[in-house]
Amino acid sequence: MPNQILQVDENMLETKLDRLVSEKVEQLLNAMLDAEADEITGACRRSYTLECKTNAARRALEGEPLARVARDAGCTPTSVYQWMRRYRSEGILGLMDRRNAPMPAEPMPAAGDDVEELRRQVEVLRLENAVMRETIDVLKADDPRLDPSMLTNRERTRVVDAIRGEFGLAACLKAVGLKRSTYYYERGAIAAGDRYAVLRARVAGLFEQGGRAWGYRTIHRMLRLDESDPIVVSEKVVRRIMREGAMRPVYLKRPKRWSSYAGEIGEAPANLVERDFHADAPNMLWVTDVTQFTMDGYKCWLSPVVDCFDGMVVSWTLSRSPNADMANRMLLDAVATLRDGEHPIIHSD
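For what it's worth, full-length UniProt numbering labels the leading residue of the sequence shown as 1, then goes sequentially.
No wet-lab data here; the hints were simulated from the structure. Note that the Cβ used here is the ideal one computed from N, Cα and C, for glycine as well. Among the hints, erroneous ones may be present.
Said to hold, decoys possible - Pairwise CB distance ranges, derived in the manner of DEER restraints:
#1 GLU235 x GLY188: 23 to 33 Å
#2 SER228 x GLU208: 28 to 38 Å
#3 ILE346 x LEU318: 53 to 63 Å
#4 LYS253 x SER228: 30 to 40 Å
#5 LYS299 x LYS253: 24 to 34 Å
#6 LEU302 x ARG200: 51 to 61 Å
#7 GLY266 x GLU64: 50 to 60 Å
#8 ALA213 x GLU51: 56 to 66 Å
#9 LEU302 x TYR251: 48 to 58 Å
#10 ALA213 x LYS174: 44 to 54 Å
#11 ASP325 x GLY245: 16 to 26 Å
#12 ARG119 x LEU50: 35 to 45 Å
#13 GLY341 x GLY311: 21 to 31 Å
Claimed, not checked - In the SDA-like style, the derived pairs of lysine to any residue whose C-alpha atoms are separated by at most 20 Å in a straight line are:
#14 LYS179 x ARG154
#15 LYS236 x TYR196
#16 LYS179 x LYS236
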């Protein structure tokens with residue numbers, strides 16, 4: 001009986017290998033026919049290699065825009081979409097050319113090295129399909145952009161555990177890009193379970209008890225001060241648990257402080273200077289601003305007028321309060337220094 005089962009498996013494998021060899025022959029014949037047709041008709045028809053189609057399909061599955069992928073590959077977005085669908089459902093075999101071409105009367109014999117290479121390719125494809133199937137199962141989603149590289153180390157460990165019995169540990173680790181030491185570490189962590197399961201429940205209960213208004217500091221303090229069952233743990237752990245559980249406290253907005261500032265009254269004057277603080281003569285362009293100083297126990301404000309010609313201080317006032325009287329006295333003192341015919345521009349922020 002075991003010999004019969006072995007014979008059946010060998011027959012099935014030979015059938016698969018014959019089909020793969022036939023597809024290789026079809027590709028060669030199609031390429032020859034296309035070349036002859038181009039020479040006869042003079043057309044320049046673009047053919048796409050398996051590598052080109054595979055690269056385009058993988059880029060599309062990763063979420064890259066179809067138009068950009070099509071532009072780089074030199075084809076239409078529709079072709080890229082069809083390649084993506086076939087690659088997602090059938091793998092690389094779905095991108096091989098399967099046009100009906102005349103088959104030779106007798107199948108071409110394959111050398112021993114070719115058969116072994118085909119066996120290896122079949123195993124690689126089966127492993128890729130198994131990894132993709134387990135990836136979809138772990139993430140619980142049927143997203144065409146799913147890729148094993150999107151998984152965390154723990155999720156990759158679960159994928160390897162699901163298929164290692166069929167393909168071996170070394171091949172599975174290489175397929176998902178996981179180191180052996182990381183794999184065994186994650187297996188130990190999975191077996192140990194969640195060490196903060198009890199703490200998560202306590203934190204969630206206190207968060208609800210506080211009306212979703214308590215932050216991690218309050219909850220941490222209540223955990224430590226609980227008389228019946230105190231828990232001593234770091235604030236960082238409580239904060240991480242609340243972040244992972246989406247427990248964000250709701251804070252009341254503080255009322256704004258009262259301010260007597262009512263905003264600008266009237267239209268703002270035109271900016272005549274436009275950052276050109278150069279003057280060719282005195283009393284052509286003045287600039288002013290208010291500066292606050294902290295003195296011994298009180299504050300005071302300085303308001304000077306500076307001439308842009310030579311930087312001379314035309315006038316200045318000092319006050320314990322930044323009010324209009326301070327600014328008006330400064331302007332009156334500055335205007336008093338002008339001679340007949342002088343009309344300077346005064347600029348302020």
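Structure-based check of all given hints:
1. GLU235 x GLY188: 23 to 33 Å: holds, 27 Å
2. SER228 x GLU208: 28 to 38 Å: violated, 18 Å
3. ILE346 x LEU318: 53 to 63 Å: violated, 19 Å
4. LYS253 x SER228: 30 to 40 Å: At 36 Å between Cβs, range holds.
5. LYS299 x LYS253: 24 to 34 Å: holds, 30 Å
6. LEU302 x ARG200: 51 to 61 Å: Since the Cβ atoms of LEU302 and ARG200 sit about 59 Å apart, the hinted range of 51 to 61 Å holds.
7. GLY266 x GLU64: 50 to 60 Å: Taking Cβ atoms as reference, GLY266 and GLU64 lie about 55 Å apart, which means the hint holds.
8. ALA213 x GLU51: 56 to 66 Å: Roughly 59 Å apart at Cβ, these two residues keep to the hinted range, so it holds.
9. LEU302 x TYR251: 48 to 58 Å: violated, 40 Å
10. ALA213 x LYS174: 44 to 54 Å: Check passed, 51 Å falls within 44 to 54 Å.
11. ASP325 x GLY245: 16 to 26 Å: violated, 59 Å
12. ARG119 x LEU50: 35 to 45 Å: violated, 19 Å
13. GLY341 x GLY311: 21 to 31 Å: holds, 23 Å
14. LYS179 x ARG154: Holds. LYS179 to ARG154 sits at ~12 Å (cutoff 20 Å).
15. LYS236 x TYR196: Distance ~13 Å between LYS236 and TYR196 Cα, so the pair holds.
16. LYS179 x LYS236: At roughly 29 Å apart (the allowed maximum being 20 Å), LYS236 and LYS179 break the hint.
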